[in-house]
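There are 2 protein chains.
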Amino acid sequence: MRQVNVGVLGFGTVGTGVVRILLENKTILRARVGVDLNLKYVADIDTQTNRGIALEPGVLVNDAFRVVNDPDVDIVVEMIGGEGIAKELILKAIENGKHVVTANKALIAGHGNTIARAAAEKGVDFGYEASVGGCMPVIKSVRESLVGNRIHAMIGILNGTCNYILTRITEAGSSFSEALAEAQAEGFAEADPTLDVEGFDTAHKLAILNALAYGMEINLDDIYVEGISKIDPVDIAFAREFGYKVKLLAIGKNNGGSVEARVHPTMIPFADPLSSVSGSLNAVSITADAVSRVMLYGRGAGMMPTGSAVVSDIVDIARNLITGTTGRIPIFSYQPEAIRKIPILPVDEIHTHYYFRFAALDRPGVLSKISGILGENGISIRSVHQKGRKSEGTVPIVMLTHRAREADVKKALGEITLLDIVSDQPVLIRIEDENGGD
Amino acid sequence: MRQVNVGVLGFGTVGTGVVRILLENKTILRARVGVDLNLKYVADIDTQTNRGIALEPGVLVNDAFRVVNDPDVDIVVEMIGGEGIAKELILKAIENGKHVVTANKALIAGHGNTIARAAAEKGVDFGYEASVGGCMPVIKSVRESLVGNRIHAMIGILNGTCNYILTRITEAGSSFSEALAEAQAEGFAEADPTLDVEGFDTAHKLAILNALAYGMEINLDDIYVEGISKIDPVDIAFAREFGYKVKLLAIGKNNGGSVEARVHPTMIPFADPLSSVSGSLNAVSITADAVSRVMLYGRGAGMMPTGSAVVSDIVDIARNLITGTTGRIPIFSYQPEAIRKIPILPVDEIHTHYYFRFAALDRPGVLSKISGILGENGISIRSVHQKGRKSEGTVPIVMLTHRAREADVKKALGEITLLDIVSDQPVLIRIEDENGGD
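Going down the list, the protein sequences come from chains A and B. All residue numbers for the first sequence refer to our numbering, where the first residue is 619 and numbers rise by one. All residue numbers for the second sequence refer to our numbering, where the first residue is 619 and numbers rise by one.
It should be emphasised that the hints constitute simulated quantities derived from the structure, not laboratory data. Heads up, none of these hints are tricks.
Distance condition first, Cα-Cα at most 25 Å in a straight line; then the derived SDA-like pairs of lysine to any residue: (1) Lys959/A x Ala649/B; (2) Lys871/A x Ile646/B; (3) Lys871/B x Leu641/A; (4) Lys959/A x Thr645/B; (5) Lys644/B x Asn873/A; (6) Lys644/A x Pro961/B; (7) Lys871/A x Thr645/B.
Label-pair distances were calculated between CB atoms; the ranges are: (8) Lys1005/A x Arg1023/B: 49 to 57 Å; (9) Arg1023/A x Pro675/B: 45 to 53 Å; (10) Thr944/A x Asp850/B: 53 to 61 Å; (11) Gly993/A x Gln1004/B: 55 to 63 Å; (12) Phe888/A x Ser793/B: 22 to 30 Å; (13) Lys1005/A x Pro982/B: 50 to 58 Å; (14) Glu1052/A x Ala809/B: 27 to 35 Å; (15) Gly741/B x Glu674/A: 35 to 43 Å; (16) Ser1041/B x Lys644/A: 52 to 60 Å; (17) Gly630/A x Asn1053/B: 29 to 37 Å.
In this text, a Cβ means the ideal position worked out from N, Cα and C, and glycines have one as well.
Just need the whole structure built from these sequences, with the hints factored in.
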C-alpha cells in the first residue's frame, strides 16, 4: 500500500483544520505512518469561499455522496455535524465498506448504538476521538491506556464556552450575560449558545464517556442536565470565600449496579487541579483502581486542536489498513456482547455535598427555623454564614452541608421556601469535595 | 484465539502490580479485550516471599530463561530493571519471536536503538509505555494522539522523588537532606537516591521522549543533567517572591536543525499548571503546532500506576495478536528509515531566562560592578533585588535576566566571582517563562 485515500465531508472550521494538517504536515505524517494520507476529496455545498488553502484540482466537490460512493476512498471524515445528513452519509459510507471518522458528539450520543452495530456488521472502523475533549486524548486514554483499570469516576470540564463564561464571572465579576457577550465576541460562543450554556453539549460527551468507561449502552436521555445560565455572580463570590471555584462539570461515577451521570454547575476546591483550568480550556480527571487519578488538559475545541484529534483517528485507521486489520479495538471500548444496559441513578438518589443560599428576612429565629427543617430531613450542616449584605430587606444566609441525599435536600428546601421568613427560591449548588466530610 | 499467554519476569514492586491487575481485573479485561490474558509464568529468583497473591500452581518459577524459551509464551514482560540480565532476557525473547513489554527506561535510553532494530527484524512488538511517566499515557500520546502534530517542546516533571523533595522544601521549608529523609521514610525515595535526585532518571525519560517526538536516534549522552541535591531553600523562598516555583524539569525542544535536551532545577511561573503539580505526582506539557498545548498529569511511579501502563501495552499487543498484526506503530514513533541523528544543542548555546544570587559584601558600588559585567557580556537585567538579610557580612543580591545565552552567562558569572566584593560561587537557576520577555 502506497497511500490511503481520505475524503473529508464538510469544509467548515474543523474540516478546514483536518485539511490543513493533512497538507501542511504531509512530510512528518509520512515519516511516522510510512504511507501518504492522500486528500482525495473535500466536499462542501459552498465551493466558493476562499479558505486560504490551495487544493489540487478536482479535490473540492459539492456532492458529499460522490465521496461516500467513490470506490477509491478508504476513509470518510464526517465534519458536517448535526443528526440529519451527517447520519445518512455516515451510514451510507459504512454500507459501502468505508471506514469513518467523525467529531459529531450529538450524533454519537443520539445514535451511537446504531452506528456501532452497522460498523461492526460491515467490519469497518469508526473513530470519534474528536467528539470529546478536542485534542485531549480522552477516548484513547479510556479505551486503551486505562484498559486494565476499573474506572470509578470521571469528572470533566468539557465545554470551553461555559468554562470561559464562568472564568470571566469569577475573575472579572461580570454578569452571565456580559460574560456570554464577551465569549461571543472572542469566538468562544455561538450566536445561539443554548447547546453549550444549557449543558447539552457536555451531556453528549458524558453519555459517550460513561459508555466507554462502564460498558453500558449509550444513554443520553437519563443524564441530569443543568446549565450555567442561571448562575448568580454572588454565589461564585461566596464560593471563593469557602475555597471553591464554580465549574460546569460532567460527572460520571460507577456505583456498582448503577451509574451517576450528571451535568451541573459545581463547586470544587482550589486544591483540586480542575479548579485552575480556566478560560476556554478543557480538562478531565479520571479516578480508577490502578492509576488512582490521571488528568488530561488541553483545548477542547477549535480548528486545529479538534483537527489534530481527527487526524489521530485517520492515522489509527490508516495503520489498520496498512497492516490489513480492522476492529482491533471494540468501538465503545467493550466487546459488543459485554455491553449492558446499566441504569443511571435518578438525581434524587445521589448523595453529595451542597451549598445553599437563602434570602432571609432579618428577624430573630430565622436561622433556627431553617436549620430545624434541614435537621428534620436528615441534612447535616457543615457551616453557616450569615452575611451582612442586606438587599431589599433580606440578608443572605449561606450554608454548606455534609453529604446528603438530593431528594431530602429538595424536600427540605421546598418546606423552607414556604416559610414566610424566606423570600425567593433558595439557591442550590452541588459541591464535589472529597474532603467535605460524610 | 482464546487466550494470550503472558510471562512476567521479576516479581518486585511493578511486577506485582502487573500480576495483580491481570488477576484482579481479569473479568473486565476479558470484556474489553475479548480474550483471556493468561498469566502463564511469573519468574523471580525469590520464590519464597509472600506477596499476598495466590498464583496457580506452576506459575511461579525461579528461572526467567524458562519463560523466554517456552514456545507457549506470547508476551514477555520484563520487570527486572537494570541493563544486565534484563537486556539479555529481552534480546533472547525477541530472538525467540516473542513480543516484549518493559518499564526499563535505563535500558531503553542506553540500548533502545539496538533493541528496536532486533524487534523490527524479528517482526515482534516492543511496548514501553511504563518507562516514562508511569500511568500517564505519554508514549501513546506522542506516538498516536499527536501523530499529526509538529511537536515544538515538551516540558515534564518526570521524577516523583525529586518533586516530592522540592515540594517539601517549598511547603515546609525543609532542607534538602531533611526532605530526602522524609521521602525515604514515605517510600518515595530509594536508600541510594542518586539516580533520582541527580536527575539521571529524568534524563533517561527525556532521551526517550525526544526520540519519539523529533524522530531522532536515542541520545542519552548529550543531555545536560543537573540534579536537585545542591538546591538551597533560600532560592526556593526567593523564587516564590517572584511568583515562581522550582521544579526539576525535563526540557526537550525542537529548534529545527538541533534539539534542546536538558534536565535541571527550573523556576516556572505560578500561572503555569505545571507549577501546581506537587508531591510525588508527575506531569508533562507538550506544545505542538495543531494542539497548542496539551498536558497530562498523574502518578509517575508506584506498583499499580506503573502496572496499569504495562497492562495497557500487554493489551495493545494482545489486540495485535488477535487480529494477526504486528508492527502497526513504529517502535520509536517514526519509520526506521526516517530516524535521523539530530544533534543536541550544547547547553552553552541555549538562550533562556536566568535567576542569579550573589553573596555580596555590603559596600557601595557592588551592584554597579556586577551589573556592569553582565552588561558587557550582553546580559540584560529584568529586575534586581537587594535583600536586607545579612549573613556573615554579605547581603544577597538577586537578579532576574531577560533571555540570555548560557555561554555569556557563565563567562559573566566567572568574572563576577573573581571580584573581591563577592564571596562564594553565584547561584544560577534557569527560568522557563514564556512571559519573561526577550
